[in-house]
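In order, the protein sequences belong to chains A and B. Taking UniProt numbering, I'd label the letters of the first sequence as residues 1 to 395. Taking UniProt numbering, I'd label the letters of the second sequence as residues 1 to 395.
Bear in mind the hints are in silico, worked out from the structure with no lab data behind them. Keep in mind that a hint or two might mislead.
Because identical chains share one entry, a pair is satisfied inside a single copy or across any pair of copies.
[Unchecked claim] Here are the simulated lysine-lysine pairs, DSS-like style, with alpha carbons at most 27 Å apart:
no.: 1; residue 1: Lys89; residue 2: Lys226
no.: 2; residue 1: Lys224; residue 2: Lys115
no.: 3; residue 1: Lys61; residue 2: Lys341
no.: 4; residue 1: Lys130; residue 2: Lys219
Single-letter residue listing:
Number of protein chains: 2
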Amino acid sequence: MTTTFPELNPPVRVLMGPGPSDTHPRVLQALAKGTVGHLDPYYLETMNGLQEMLRQVYRTKNPMTMAISGTGSAGMEAVVDNLIEPGDKMIVCVNGVFGGRMVDVAQRAGAEVTKIERPWGEVFTVDDLKPVLESVRPKVVGIVMAETSTGAWQPIEEISKLVHSYNALLAVDAVTALGGIPLEVDAWNIDAIYSGTQKCLSCPPGLSPVSFSPAAMEKVMSRKTKVQSWYLDVSMLANYWGQNRVYHHTGPINMTYALYEALRLVLEEGLEKCHARHALNHKALRAGLEAIGIKYSTQEGHILPQLNAVLIPEGIDDAKVRGDLLNRFGIEIGAGLGAYKGKVWRIGLMGYGSRPANVLLILSALEQLLAEQGYQFQRGASIAAATTVYQNAAK
Amino acid sequence: MTTTFPELNPPVRVLMGPGPSDTHPRVLQALAKGTVGHLDPYYLETMNGLQEMLRQVYRTKNPMTMAISGTGSAGMEAVVDNLIEPGDKMIVCVNGVFGGRMVDVAQRAGAEVTKIERPWGEVFTVDDLKPVLESVRPKVVGIVMAETSTGAWQPIEEISKLVHSYNALLAVDAVTALGGIPLEVDAWNIDAIYSGTQKCLSCPPGLSPVSFSPAAMEKVMSRKTKVQSWYLDVSMLANYWGQNRVYHHTGPINMTYALYEALRLVLEEGLEKCHARHALNHKALRAGLEAIGIKYSTQEGHILPQLNAVLIPEGIDDAKVRGDLLNRFGIEIGAGLGAYKGKVWRIGLMGYGSRPANVLLILSALEQLLAEQGYQFQRGASIAAATTVYQNAAK
């Protein structure tokens with residue numbers, strides 16, 4: 001009756017797509033540690049440590065800084081569902097898949113959404129937002145700091161000032177941002193922010209680190225209606241993650257261990273060094289790609305170091321290159337999503353995966369596959385260019 | 001600036017509470033296997049295997065059988081949010097914490113909820129439901145099969161017939177049920193069901209196995225309004241877990257490995273044997289507890305083998321016993337929740353944790369701590385009684 005199912009034996013991959021990125025070996029070990037109860041004193045202490053580390057990584061003193069028991073998209077829903085009451089006006093900035101997702105989530109939460117759009121790969125300026133803020137007068141503005149679908153790096157600080165000058169709250173998607181680029185929740189006055197574990201934190205997907213400012217919590221605690229999601233209701237989660245430790249739902253113990261260890265790794269390295277490492281490896285990759293004529297699809301000056309969205313050269317078979325990378329070399333890169341389907345590759349250098357070995361690996365593999373498809377370039381040029389970047393940095 | 005956070009070093013526990021239960025060593029190993037991408041052919045194959053095993057464990061052919069990327073409470077919300085449109089009438093049966101939670105979740109989804117109540121520890125009969133169904137004529141009826149707060153085992157089959165005779169859909173909470181007691185999704189005509197990984201599946205918390213019948217999916221696909229949760233929208237999840245494999249959110253890869261391995265363990269043992277093992281260890285525990293005068297708080301004939309809710313003997317210090325069990329012997333049992341606070345202990349024998357060694361361990365530890373608190377009983381009687389049950393079973 002029962003069919004036999006094979007033992008788990010995942011192939012060894014080098015994850016250089018838009019996430020998940022490679023999990024750090026110490027994080028894998030943390031995952032496999034013995035489960036304790038969700039109200040065990042040791043677990044509560046682990047939660048405390050996790051929260052304190054998360055505050056350091058988010059650069060915030062927000063008491064309501066914690067991990068939502070779901071992936072980054074659950075974090076998005078937690079932020080939107082808690083800040084929005086039915087009928088509330090919200091502006092959402094859309095320049096890729098994840099801004100679009102936020103519109104959908106906000107509408108389901110009953111928000112009256114005004115969407116501002118920029119072409120894929122570009123970012124928003126204060127001038128784009130000002131007239132819309134002026135006419136809409138929203139309660140909340142949502143924006144994506146690191147658009148995983150386009151590799152665009154959205155500056156937040158000036159936009160935050162503008163948004164607050166209109167007495168709105170600012171919600172930021174930092175799924176791909178956290179750990180990869182500088183991010184200052186308090187200094188930039190971000191009211192609510194969410195991220196994922198599977199990008200620059202070198203941890204498997206499954207949790208969403210979030211933080212809510214006192215102003216955001218004031219809005220949450222003074223709601224006239226219940227948050228539509230019981231599971232994501234921050235006013236209840238505050239009782240579990242706060243001092244009271246009142247049981248809400250059973251915490252995902254082993255994933256919490258993993259995130260704890262992932263945050264330790266970031267803080268051991270130091271945030272600034274971690275960001276500098278992401279920047280350097282990106283610079284090397286970019287030099288390599290450009291040396292063989294591959295161009296970025298993202299607006300100049302706003303390219304994320306951890307997610308390199310590049311144009312597929314003309315005449316090159318997208319699916320074949322990605323298939324060959326995976327099947328022949330065990331390397332995963334990302335396909336284009338939505339408007340970028342078939343046009344763009346997304347090469348991740350995230351967390352543990354942002355290192356010189358991976359830069360050389362992807363460049364040498366790409367050179368080989370492009371050569372096989374008749375692409376014209378000087379063999380070895382990408383490796384030489386990347387290496388020069390590292391040599392100059394070491395001087 | 002950065003404080004140092006200690007290395008993870010969880011104490012070794014024996015988890016005999018209401019869940020999480022002890023994670024099986026093979027499941028811990030599965031958790032630590034290398035992360036692959038969420039669209040990797042290997043991961044898709046693993047999802048297929050997981051779904052097929054889950055169908056076997058749920059005893060269903062439902063195509064929409066999968067794991068929600070959140071804990072059991074996210075599964076509850078997924079079931080309710082998808083089946084309910086604002087204004088829909090729903091009857092919820094409440095005889096403990098989790099029925100109460102379902103009321104809250106359903107009201108947040110916009111349901112017009114009629115609550116039927118039974119005292120804690122008791123279960124519902126067809127006669128309890130019939131008049132309410134007659135007067136309310138609901139679209140959906142929700143009921144908890146294994147009330148984790150009371151240890152009550154709710155029969156489902158006859159109630160399902162009644163519910164369907166009124167053309168309503170039946171939603172069942174099987175968080176603590178799945179793997180511990182017989183459960184027949186198809187034969188009993190259950191329309192939507194959710195469970196947790198951290199009870200009788202010997203897996204850490206973090207995922208919620210769910211299944212939706214064709215009738216439930218028809219209701220979902222013919223909704224006039226969007227499901228209020230984007231994250232839990234089964235019409236979109238069907239495109240990822242179904243044949244199309246359209247990206248929705250990033251799957252929790254390593255937790256999926258863990259559930260895959262946990263389901264393999266259940267099927268290797270065989271479902272019937274697994275249920276029989278839970279029944280036998282419960283019988284031994286019960287014989288032991290009763291031999292020293294400890295009584296169950298649950299209605300006779302409806303006691304869950306995997307969750308033993310017993311009355312704390314008069315004069316015994318609840319918190320001290322639980323504290324001593326944890327701190328001196330490394331054993332976790334559950335406190336009473338809500339109406340049972342300070343009155344009841346909840347002793348779990350779930351999954352991997354349901355074994356003779358754990359029965360003897362908890363009985364000997366309890367005997368010692370009760371004796372220290374001056375409780376009058378014959379030392380060794382519980383061990384002898386439990387052992388007799390095993391000897392008789394072996395004959």
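To see whether the hints hold, each was checked on the structure:
For the identical chains of this complex, Lys89 and Lys226 are neighbours both inside a copy (17 Å) and across copies (19 Å), given an alpha-carbon limit of 27 Å. Proximity of Lys224 and Lys115 under a CA criterion of 27 Å is satisfied in both settings, with 25 Å inside one chain copy and 23 Å between copies. Neither within a single protomer nor between protomers do Lys61 and Lys341 lie at most 27 Å apart by alpha-carbon distance, with minima of 40 Å and 35 Å respectively. When the C-alpha separation of Lys130 and Lys219 is checked against a cutoff of 27 Å, the pair qualifies only within one copy, where the shortest distance is 23 Å, while the shortest distance between copies is 43 Å.
In the structure shown, a violation is registered for the earlier hint numbered 3 alone.
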